[in-house]
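Single-letter residue listing:
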Amino acid sequence: MLTLFVFRKYILSKRWVKIVTVYLMTVFILLFLNFLLPRLLPGDVIIAMYSGQEMLITDELYNELIILHGLDKPLIEQFYIYITQLAHGDLGYSYISHASTTGLIMEALPWTLLLVFSSFILSSIAGIILGVESSWRRGGRFDRSLLMFMLLIDGIPSLALGIMFLTVFSLYCGWFPTAGALTPYSDATGISYVIDVLWHLILPLGAITLSQIPGDYLLIRNSMLLTIREPFVLTARAKGIKERRIKYLHTARNAILPFFTRIGIRIVYVITGVLFIETIFAYPGLGLLTYEAISNRDLPLMQGIFTISVLLVLVVNIIVDISYKKIDPRIEYA
Amino acid sequence: MNLKKIFITSIIICLCLFTQIISGESTTDNDVENELRIADKTGDWGYPNPYLGYARGPGYMRMHFIFDTLVWKDETTQYIPLLAENWEYLSDEDAYVFHLNKDAKWHDMEPLTAEDVVFTIQYMKEHPYGWVVLDSVDRGEALDEHTVKIHMSGPYAPFMEDIGGTMPILPEHIWKDVENPMDFIDETAFIGSGPYTYVDFSKEHGTYQYRSFDEYYLGKPIIDQLIYVKTGDPQMTLQRNEVDFASIKPDFIEQMKEKGFIVIDGPHYWNKKLMINHNIEPLDNITFRQALAYAINQSEFVDKSIRGHGKPASYGLISSESEWISPNVPDYPYDPDKAMELITSLGYELKDGFFTKNSEPLELQILVSMISTGGEGTPDRDGEIIKNQLEKVGIKVDLTSLDTKIVDTKVINWDFELAISGHGAIGGDPKILYEKTIQVSGTKPSPNCARYNKSVELNELLDDLMHEMDPQKRKEAVFKAQNVYARELPAISLYYPTWYNAYNPDAGIEWFYTIGGVAKGIPIPQNKLSLIGTIGEGKEEITDSTSTPVSEGGEEMTDSTSIIPVENETESSPLILCISVIALLLAFFVIRIKRS
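Protein chains in written order, with our numbering: chain H, 1 to 334; chain C, 1001 to 1596.
Everything labelled a hint here was simulated from the structure, so no lab data went into it.
Since we're looking at a predicted model, the values are computed, not measured.
Heads up, a few of these hints could be off.
Claimed, not checked - Some chain C residues judged to face chain H by a derived CB distance under 10 Å, without partners named:
hint: 1; residue: D1044
hint: 2; residue: K1203
hint: 3; residue: A1587
A virtual CB, placed ideally from N, CA and C, is assigned to each residue, including glycine.
Given the sequences, and given the hints that come with them, work out the whole structure.
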């Protein structure tokens, strides 16, 4: 009783401890689901995994594969093994790719992060600037036409944008390469390597960024429209502060808060959106790996990717959660 | 402000320097060696070595450039010499004798000997290799340094295709110490005797790089460097001249031809077929299955499902373009009346347009899924077509669309009535008829095997087909087996889709489809013979026949050898343009800040 009291009083009262506990529980539940769901798929897993291959599955081979995948053990034991391996950073072995799942994911992850983070930064900057400028000129020609354009873009899925970009800029104009993250075996090093990578990045990045901008733009614009009416804006104007200062430092600073709340949710959409874009551009990231893992029914790889994605989303959320107070000191936690 | 100025000026200078570097870069890259690039949508097919490559056609193709087999096939001839210069079958001893090419060397310059062949057989018996089942082989014996005798454990008719033309020979001096071939990934794991040596494979990017083996016993390959690249849209990559070979969509054939590419259409070695659960009523009745065949209009599938890019299938499973096709396979021309007549003869009555028996309606469930053809899942339109066709003759149809793997599992567990499936290798050795009709004992069922062993006649014929060593008698057995198969219909073949590939003739290579498919029937037109000197005359012909190939941009390409610029001018110019625009914008921005 006393320990519980001490625990409540001194440990649980700390905000970050609370947050971390909640997140740890979420991680545990998600890991369990992640472990369980692929096993609930109908059909014999081994037959399903290997049926597309030109190999004769003899009874011996079948039993060997069952043992290899650890499917002969009870479910609880399988889960225990899964969690223990995970704690050691081992996400399993993909028998279809003959490679360690961790290795496969670690090779793909940097490419996805490059795509996701650069698109995140670019779309945020563009969304904020356009949203602020649009709301500042609300009702004007600039605002109306931009709003219409953004709604139009918002209606086009990133998949279609990707195909349009590929057809126009790559096939017809011939400005950009059609696929991959770099020119294979071009022996480019140093600066030309960087340029080659950037060159391949532009189209997928453009497609994914463009599909993200309208969301940010609409959010910022609406939030700005509400903030502009606040009395402090009027005060700032009365004090004769320069317009750009009022616009960005006073109004936008306050209007930007919902945007930060959205980051956590948005990262999920970016990761799923990347799946299509990476497939279209054959960009060797996590999205393409996911697509291939699903189509090959590569169970260990699927599990590994989902674990990493879950952790990635939760880490971003936890950062947003913890830093929320820093961004908006007015927020008080209950 | 001064700091700002310095900063901006330095950025502009940097950008200008960049532009210099890039424009210099695009010209220096032009002097690369003679290189050929092939596009592929999937990319990763495993390491190019027998055990590490994925057990799929493209996985074998990646490996076949590095590892040679005893015999090979080309466009028109079955079994031409490769490592073996000539061979004979000793019927009294039930053994094959192969005389190896004395010039054959491994990539590490060690000579290739008969001992290597003996070792490979032994090694593959101990460590089973997915493509080759060596149950029929007893042992290998080296008669001298370049002669090997392979003793069989019993007559096995498909030997030449199944083993002689598929089993890659491994170097004994490297593999003798390898205990687990699946873990063997060091440099020596890729030492073979083929025309190309292994340089690199990137799992991440799905790319392969090979270099020609100058000491190759059939002469130095025509292309110095061979590269496979992964791309989302192979055809677009080819149109952009980023690669020299790619698969293309049927609707773009004319467009590709106009652009100067040579389009090759595949032989029909892959069939879409209707799996039948012949263990349940009424599908266990041959007459009923024949009624289904009469009710099915194969041409409608070809016209609607694949928009004319294919042809109706032969009912005997073996491809109608195979040299093994029986001249008198029973045919079921589309005839709904005949189908209804046959169903009526089984005691069914037609009520309100649908058949019933004992007041139970005649209803069948058809499972459909995205069947993977050529390694790529394609949405199934056949389900709707077959539903309409069967409902026209009074059979109610419940069309159920499921994930491919679930359909496979249901078929394996006999938990289905009708299911749409498909497989290849119907143009190669006729043993496919055996493999897709009877379940090989001691193996797990394959989802596209009919597992039909009710017909004693068919079983005997299939047995002959596998073990009859006299070519003439074997051919007769194959013909008869097809006829019985088509009469009893354990499964109904629907159609053969046509696949198209296109290549750039300027690369100096004439690609072709291999008769019966590469090795065990892989329908990919990337036979290594295209790349080696033996078809030098062919190369001459291409450059003559396409005297004025036109590039994408419309300029005439005069160079017939393949010197492919890695980064061509069109690619670097927009970068310069972009950077100039950014520089201009920056300058504009600075001026604005200054003014305000």
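Here is what the structure says about each hint:
{"no.": "1", "hint": "D1044", "result": "holds (7 Å)"}
{"no.": "2", "hint": "K1203", "result": "holds (6 Å)"}
{"no.": "3", "hint": "A1587", "result": "violated (20 Å)"}
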